[in-house]
Amino acid sequence: MLQMLIVGLLWFSAIGCGLLAGLYFAFSAFIMTALGRIGQAAGIAAMNAINVAIVQSLFMPVFLATTAASAALAVTALLRWGEPGAMAMAMAAGGALYVFGMFVVTMIFNVPLNNALAAADPASHEAASLWARYLTDWTLWNHVRTVSSTAACALFIAAIAAR
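Just so we're aligned: the sequence shown equals residues 1353 to 1515 in this note's numbering.
In case anyone wonders, no lab produced these hints; they're calculated from the structure. Ideal Cβ placement from N, Cα and C applies to all residues, glycine included. A couple of the hints might just be wrong.
Pairwise CB distance ranges (calculated) [unchecked claim]:
1. R1515 - H1477: 27 to 37 Å
2. F1452 - H1477: 21 to 31 Å
3. A1398 - M1459: 19 to 29 Å
4. G1391 - H1495: 52 to 62 Å
5. M1356 - A1417: 15 to 25 Å
6. G1434 - M1356: 17 to 27 Å
7. E1478 - A1401: 19 to 29 Å
Given the sequences, and given the hints that come with them, work out the whole structure.
Laid out in structure tokens, this is it:
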């Protein structure tokens, strides 16, 4: 029974990580570049609208459930560390990478940047420097989330394959 639960969590986490990696990749690959090209006020307004819509969408349950499942897999792997095979190592690495490289990075870096952007007056002089910094810093941390989510997805797939 526990093994079936673990396999289910692995599949769920692999799919969730893959979905979020794709979303983050889109922002890193072209969305932020496009927002930077449309002008400060329009770019800020568009990003603020995205940030409002995303927390009201299916993104949030997937984001939170994938984080919880990944954390559970990391803890389970540590409890089963002595068992033979590579499954526990891939589960632990995938879970830790996802929780720290995606969730913690989001909470410590991306969310505060989003909050600062939401509080800014898009037409103000201060918004110009904030927007330039936002485009650079937010995108840098989004790259970290993209790589972390992609690598965690691959590690969860490796754990599935190792079972």
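Hint-by-hint comparison with the structure:
1. R1515 - H1477: 27 to 37 Å: Since R1515 and H1477 have Cβ atoms about 58 Å apart, the given range 27 to 37 Å is violated.
2. F1452 - H1477: 21 to 31 Å: violated, 37 Å
3. A1398 - M1459: 19 to 29 Å: The hinted range 19 to 29 Å holds for A1398 and M1459, with Cβ atoms some 23 Å apart.
4. G1391 - H1495: 52 to 62 Å: violated, 24 Å
5. M1356 - A1417: 15 to 25 Å: Given a distance of about 18 Å, which is inside 15 to 25 Å, the answer is holds.
6. G1434 - M1356: 17 to 27 Å: holds, 21 Å
7. E1478 - A1401: 19 to 29 Å: The hint (19 to 29 Å, Cβ to Cβ) holds, given that E1478 and A1401 are roughly 20 Å apart.
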